[in-house]
Structure formats: structure tokens, C-alpha cells
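Protein sequence lines correspond, in order, to chains A and B. Quick note on our numbering: the first sequence kicks off at 1 and runs consecutively. Quick note on our numbering: the second sequence kicks off at 587 and runs consecutively.
These are calculated hints, taken from the structure and not from any lab test. Glycine included, every Cβ here is placed at the ideal spot set by N, Cα and C. Do not rely on the hints blindly, as some may be mistaken.
Going by beta-carbon spacing under 8 Å, a handful of chain B positions derived as facing chain A [claimed, not checked]: (1) 613; (2) 615; (3) 795; (4) 799; (5) 803; (6) 910.
There are 2 protein chains.
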Amino acid sequence: MYSQRAIDVGLGRRKADKVFTGGKLVNVFTAEVYDAGVAIAGDRIAAIGDVGETIGDETEIIDASGMHLVPGLIDPHVHTEVTKMSITRFASVVLTRGTTSVCTAFDQIAPVKGIDGIRYMLDEAADLPLRIFNPPPSKIPYTIPEGTLGASVGPDDHRIAMKWDEANGIAETTFDFIRAGDSDVIESIGLCEAHKLPVHGHAPFVTGLALGAYANCGARDDHECFSAEETIDKLRNGFFCLLREATMAFNLADCIKAVTEAGLPTRRVSLCSDDTDTSTLVRLGHMDHIVRRAIAEGVDPVAAIQMVTINAADALRVDDQVGAVAPGRYADILLVEDLADFQVSAVYSGGELVASGGELQVALTPPERPAELLRTFSLTPVEPDDLLFRTDMPDGRVEAISMFIPPEIPLRLRRDVELTIEGGVVLNDPSIDVSYVSVLERYNDTGSRSTAFMSGFSLTDGALATSLSPDDENVVCIGANTESMATAINRVIELNGGQVVARGDDILAELPLPLAGIMSDISPAEMVAAEDQLIAAAHELGCGLANPFMWLIFLPITAIPQYSLLDRGFVEQATLSFCSPLVRSV
Amino acid sequence: MYSQRAIDVGLGRRKADKVFTGGKLVNVFTAEVYDAGVAIAGDRIAAIGDVGETIGDETEIIDASGMHLVPGLIDPHVHTEVTKMSITRFASVVLTRGTTSVCTAFDQIAPVKGIDGIRYMLDEAADLPLRIFNPPPSKIPYTIPEGTLGASVGPDDHRIAMKWDEANGIAETTFDFIRAGDSDVIESIGLCEAHKLPVHGHAPFVTGLALGAYANCGARDDHECFSAEETIDKLRNGFFCLLREATMAFNLADCIKAVTEAGLPTRRVSLCSDDTDTSTLVRLGHMDHIVRRAIAEGVDPVAAIQMVTINAADALRVDDQVGAVAPGRYADILLVEDLADFQVSAVYSGGELVASGGELQVALTPPERPAELLRTFSLTPVEPDDLLFRTDMPDGRVEAISMFIPPEIPLRLRRDVELTIEGGVVLNDPSIDVSYVSVLERYNDTGSRSTAFMSGFSLTDGALATSLSPDDENVVCIGANTESMATAINRVIELNGGQVVARGDDILAELPLPLAGIMSDISPAEMVAAEDQLIAAAHELGCGLANPFMWLIFLPITAIPQYSLLDRGFVEQATLSFCSPLVRSV
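Throw the hints in and build the complete structure from the sequences for me.
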């Protein structure tokens, strides 16, 4: 990037503002680690190497003795709203962990407020020392078939967003959209080509000929690898593979074997957090944690650092701006004592110290929120009976599909169960771990809602409800009985958004999420406490999942195999169409 | 890139048009070589790997048994006009060598016809099976100080050109422009940033802090490395290094030691031909030759192939289009039996066979040429006395700077010589290898011309003149006497462009270059014969250089150390200003 100030420093016409001395540079271009200084001019790196001549009387000297100089970390694929923190709060956590850039779609506010919501997030982020690259979602409604939403995003919106400074193409361009020949998505892909912006992918389990088809939509990367074989196939087909280590999707251990066992080169391998809760960020870390995980899996530390710096920047096509401690780039620099240990001691963003010793060194204050973003609900409270699954079938037993969550992989597989029909209602059955699950449209009080069946939560009583629920952000609720479900849902409505655990008429735990119904400005520590309380309350109800809300919230995503639930009905991913969970009378 | 046709093949909705079977795929993403088929849909690669299911009754099977499937080669930095061939003729040669893409500025026609000339070249190329990526020159006039030209290129032109399909930023963004703070170039760099297009560099011998300054202009690559040390410094500073193996600049052998001896990773290392004559292309080859040279210097064959495929595509930011045998890319595929030997047996461009066994398999015919491109000269014939070096100094001896060409490096260094002043004229001195050298403006008959002194050609008689002369394309002439120089220059004028060797009143050899005064539509074989005749004639005149015209033509480039000659005078590169070659009386 052009910087006259940095040019002038390099040419000796002015002195550097700051100079790092005594450190070892981790050069991600050459994979070398060597003694080198770094001269800073404004928010840019002016020069690296022997920079003594750039030091003047006013130059601030930063003693990096005993430290490595590492590029600021990049998360090339993260949904910040899934942490339930506002972008200001999110930044306050991840900056302390060494993350200085994220690529994020803001696709959770999009179904609530459309492109204006995305712009709102970007405007809030503009003053933060966290760099944002923004590919808006390829399309909202994101699901096939469509859910009922508060707003949509399509080619006309992309035409606007691609002119923004933060523009980074389109995100989550699912294989399903390509398979379905979605004309809006195809048009938006054409806009990306015209604007030289990346098409970011999403293609779980797509390999072989289908992967060839998918590559021909122009998708540049994929964050949905589930095995080393899938990773190898995608790398061979030219995809940047963003291996995921999310709060609930631990894909790294298997996928990284493409590197550690198959020995493939790493230049198109990166790492991402995708969906993570605040507790994970605070307790384990962000990209620093994932770097440590990669090293623990046998990746060379410098190669692991490359994955979340230059490789991520290449994937995003922003390697001219970030991803390296090199002139022409932003002065996003970490001090790290031991590369294998990878604890980030200090974080500089744009040349300014923003964190050290894991503590934020700048004040990041959320802005005042406009009323229109705090009151995004229009949903009449429900009665328990509204949530029952009704059928024309006669009383008796029925074979039904209950969605089932397998261990350690965030899918919804088919589980065939036998349920009872009584008086035109299909009953759930906690004794065989079959709960009710409902999704309710919450934007325009259309009354659109549906109920299906779910296993894996082992609820014996009560209910869990959430209005953070990618990618529709409607109200999702699972329960052992409809009374508890109605209590939880109606409390979410009262809060104008939130997560609630209820039993009967009682609220056991709740987390208000007033910002667009999905986010909060509470402190990260408060968020961690709230997440703990919600989980504890769910466990009280018999739930055996370590992190039940992180399983529940994704229920409406139709791009995840094999089943999902929208406000408009139960969806089979193989056919991308509504179907009935009832199979036949038995 | 989006291709519905290729998507349909991958999804099994239609059959492939062609399928390569039995070959070994050179996968440049994974650096693997393995048995794989390749399915073609139109001009795209639909799928790789096990593609048997894409074969239908109409599918053409291409038996690649015993062959490697290699991506079509990319020359990321070449001036096609320097071959003196029209782009159609150029394509007809390099396609047989396996080159399917070139990045070329068309910066030699630019000083003659401006952006319209560049568009003319692109329109001619549009129907060729050679893919062109076009960064117009960062600025014309390209020299500092400026020469007198027929046309200019600036930000207003870039605003137009950046909308073209072939747009690839700006080329030859010299360190000198940045050092001088050229406002036009800075504006054009801003346009590149806004259009997400690369800024291609040019920074010979720039290292250390100055290299940091240069990186802060945003230059993405550099093709001017002269040593392993310079290459290492540029790689560390984030540049893509396009190591050059040109007809007269053999930089590869030294620079590649950054890889073969220093062991640096190759992902940002590429190779380029830069300036080459037709004889080199026909006799040695193009990028195939340079790949063989890299292998001969100790580079692993797959790494060498990566350098001229995916690495070059990354440098140009066109890795979504070319540089790999992978779905989503153009079906530019070579068949190569032995990778270490690297002889290209067959060449497919956009899925069509264009060459096999070194022979073109398609008819490529130059178009009719408009009169305005065949009559670009306006220069009154000169008299011998017009070319003398005149001075106010008294008769006697004078210490003078004679430009000197060192062996095997295309620079003009300073040689201090003593010359004689007689009657206000500084005489050349063949006895100590000091020739006259003149540059004459040839577009608007302004009479702007200058003379200086040059060594290294060891001319004992006669003169060599050329109107192909980057980057001004004025007439450049070197001679042992002004009579021969006038003969040669006047013949170039009569031809409306060309290269001529003359002695006294006699023409010893000549090559008409009527197209813009710099190119010809004669066949490559005829061009080779003409180049041979010109060289032989120069040798008759005592010239000891193997390829004197390839030394002579670059004389006006001010971005090459240490001296150059424009129509407006003698230029010192250190100060980028006109100076006198006369030092002092002795």
C-alpha cells in the first residue's frame, strides 16, 4: 500500500516514529527467523533489517530483546456475532490474543437488518484497532428453502458493499446454491469477478467430481474440511483450506494430517475459528490457541504462524496489507518469546500498542445503540399448544425422523424413532431422548413456526431457547415439554432477544442479547459468566452436552448435513426441500 | 471463474467435451505428481482425478499415456515488441514452446500511439490462443528526465485501461518514479489500489532501507534482481521475484542461488524473459527454456514448473484463471514426457490443441494493418554533421565519460576516456573503442537529437541504427563515423522504422519494422534470418558483441544504471538529470 510517510523514512528524508530493536523477525515469506529491526512510520512498516539509520531524536525505541517479532494474526473466517459480543467487545478480547485482522461476513446481523446492519457493524469497527475484511453473505436468506427473515441480501446490496473499503467479496457461497443454480448468487459471483474480489466458499463433504463442479463457481477457499482426505482433495483442486478449530467443531486434528502425515505443502493451508463462544476465546484463546493446537499436532511453529498470517492474507487477497512484518504492510506486530509455546506478550496494531500481558492497553467503548437495533422483535407470545406437532394421522405409533447430533461433529444426522400419536398430536419421548424442537419467525409476527424432533440433548425436563441462531436469527427452542418451551420463548421475546433456560414457569438462567436480538455489550467476563450459567442450567435439565447452546443455535442452517429446521418447516439437505419427519404408521 | 457448462459436467448433468486419460498430473498446489484424468468443458477444466463418469459418447478422449499433464506456462514479465514480431507472430512462436499466458505492458507501442496503441495490440491478441494480461506502463514518458515522444500514458489512460478485461494494473513502476515523487505515477498507484490490481515493480540494485521505501509504494513484484543477495533481500521484503533469463541479461544463474544455496522457499519466486529477440525464442525456447535453465541450476523440476505457473499466477493475482491444471481454470495444458528434460510435446490452450511436436496446429494470421500504424515517422533525413558532438571548449584534449557495457550485464557504466576537441567538435576515437552514439526524436520532426560516447561495441567502421529502442522508440544509432550513421539513420527513416547496418553510403543489412516503426509481420524464420544478417554485418564492422542490437536498443532507458541517452541529452541515473559527458580539459 502506498505511504508517502513510510517512503520518506526509507529514503532517509524523515526519521521513523518507532523502531523495534533487538528482536528476532519471523519472516513468513522466507520462513526464516533472524535478528532484525523494524522501523515504523505512522501505521505502516517502513523497513526491516538494519534500520539503525531511521532512528532520530524523536523515535520511540521498543526493546524487543528476547522476543520474536511475529505478524499480527488473521482469522480468515469467523462469525463474530456468534460470540454474542458486539464487535467492540469481540475486539477487546481477540486483540489481547494477538488477532489484528478478521474476515467476517456479519451475516448474523444481516437477516435482521440487511446490508444496513452490516454497515452498522463496519462503522462501529472502523475506530477499533482490529482490521475487518468484510465479504457480506453470498445471499440472505441463506437457507434453501428459505426461512422467514427480517431482511435480505442480494446482488443489489453487493453492488453497494463491493465499493466499501472493507469489501472482500462474498462469503459462504455454499455448494447448495451452486447445485441449485441460484440466480442471485450467480449474479453476485459475477460482481466479485468484475471487482476482482474473492468468492469465499462453503462445501462440507464435497469431493471428487462435485468438487470440480464447485470449483467452477469460482470459490477460492473452503472452511468445511472434515478429514485429511477431504483436505487433500480440496488442496489438489486449488482451494485454500481454512482448517477449523471452533468451539464445537474440532476439525483441525484430522485435517492437519494432510500436512503432518501426507506431507503436503502448506502455502494454501490456513486456520480459522468460524464459530466460537466467548468462553473459548477468554479461556483458550483465539488464533493463538489454534496456532498452539497446530503445533501440538506436529506442525512446525513457523509453518503454523504462516498459516494464520501470510497464507490467510493470500486466501483473502489482502497480502499487500497484512500478514507479514514487511514494508508496505500495516504495522501489526506481536512480541512472542517462545514460538513453540506461542504466548503473545504484546500486540501492536497499526504501530500502536493495544495489548500486553494479555491485558488490553486501550479503551474500547461500545457506542450508544439506536433504538431500532434494540427492538428488533415482533412476535406475539406463544401458548404451549402452539408448539405441538400436529398430524392428520390416526392415533397410534409412528416411525419418525429425529435429528441426531453425533459426538464431536456438528451435524444433524437421521435417527429413526417410534413416537406416539394422540389426538392428532405427535408426542415427544424423553425416555428415548426425543425432544421437541421449534423455530419461530420473530420479525413480523407472521405466526410462521414449525416443530420437529431432536435427539442428543437428553433433556428430561425444561427447555432452552435462543434468538442467536445462524443464519436466520429466528427463535430456536428445544424442550422436554411445550410448557417449558413457551416460558423460554416468551422470555426471549420479552428480552428483545437472548438465550434462556426454563423449567415449567421458571427461568433458570438467561442472557439478554438486545443488540439486534443476537449480541450484547456486557463485558467479556460477564459474558463468560452468563455462558457458564446457561450451560449449568441446561445440565440441571439432564442435558449431557458440554455446550448445548453451541449445538442448538445452528439448527436452521440448511447447508449442514443431513437435516435442519426452519420456521417454515423441516428440511432435508439431500434434496434441499421441506419434508415431514413422520415416515409411516407402525 | 464461473462456468455453468463446467459445473454441469461436474454435477453429471452433461458429459465432458474432452478427457485426458492415462497421464500423470503435475499438481502445482500440492507439488505432487500422480495418475489423474482431466475433464474439459468448453475452455475450462471441469474436474481432475477420477473423471471416468464424465465420458460420454461424444467425448473426445486424449490419450496422455506416458505423458505428464503440466499447466500452460506463464511469462509474468515480457515486452513482446522487443522480439520485433507482431503479437500474432510472437504467439505463433511461444505457443509452440508451451507458453499460454503472458503479462505484457505493450509499453513499446505506447510511446508511439499511446493507449490506443495498447488497445490495438490487445484487440489483435483477443482472437489468439495466447492469454494476455496487460498492465500498461506506469507512465509514458517512462524516462526521467523525459524524452520526446509520439504519445503519452498517464492516470487518465489508466482509468480507461483498468476497466478492460485484460487489465492487470500498471507495469514498470520504477524506483526512480517513487524517489522522484512523480505525481502521475502516485495517482495511478492509487487507481490500482481502488481497482484491486497489482502494481508491478522495477527496482534494480535497490536493497536495504531504500527497498523498504520502495515496498511502501505498493509494488508487488520485481524483475530486476542481479544477485542472490538482492533476491534474498527482496523476498524478505515481500516482493515476488521474477528472476530474469533474457537474451542479454542472464540473471538466473546468480539469483537462483537464493533457492539452491540459501534454501529459501520458492512460493514467491518466478521466472521471466523480459527482453528477448526472436532468435532466442526460436533456437532456445521461451519459458520452457528458462525452466530447463532453472533445472540445470539445481531447482527441482516440479518447483521450477511452479515458478512459471502457479507462482507467476499468484504474482499477477490471476491464480483463479491460470497457472494450474485444476477445475475453475482455463484448460491450458501441456503434455511433457520427461519433467527434468522438459520438452513440450503438445500444447492445449483453452481446451484446444494449438501446437504439437514444436509445430503450430492452428493458423494465426496477422490482420491487415491500418496506414496510420505503418507511417509513424516524421523525421527529416540528417547530414553527417548533424550528429557531431559540439562544444564551446577550446581545441585540445578533454576528459570525457564514455558509456561502457560490462560483460554479461546490461548496464551502462562510466568509463573515463580522453578525447580530442577540434574546431568545436569532440571527436570519437575507434582506436580506444569510443564510438559516437546518437538519439533522434522521430515523431514530430522537432529536430531534437543528441550525441554522446559509447564503448564496448569496438566498432572500427560503419554504424548500427534502430527505431526499436525502449522505452522511447526514437532512433538510436552508434557509429564509428557520422557518415555511416547518417546513412543508417536515413534508411531507418525511409523504411518508416527498422534496424540497419551501414558503412559509408552502403547498407550492409536491414530489417524493416513498419508496424509502429518497431514490429514486423514477417515469419519467425524470416526474422531469425534478418537478426543473423544484422549481427553478421555488425561483426564485419569490428563489433565484438555477440548481439549488438540487443545492447544498443536499451540505451534510452534511464532506469538502468548508470547512464543513458535521450534525444534531449545525456542522463546520469544517480541524479536523474541531464549532464555533460565532458568532464574537464586535460
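- Task: Any hints from earlier that this structure breaks? Give me their numbers in increasing order, please.
- Result: none
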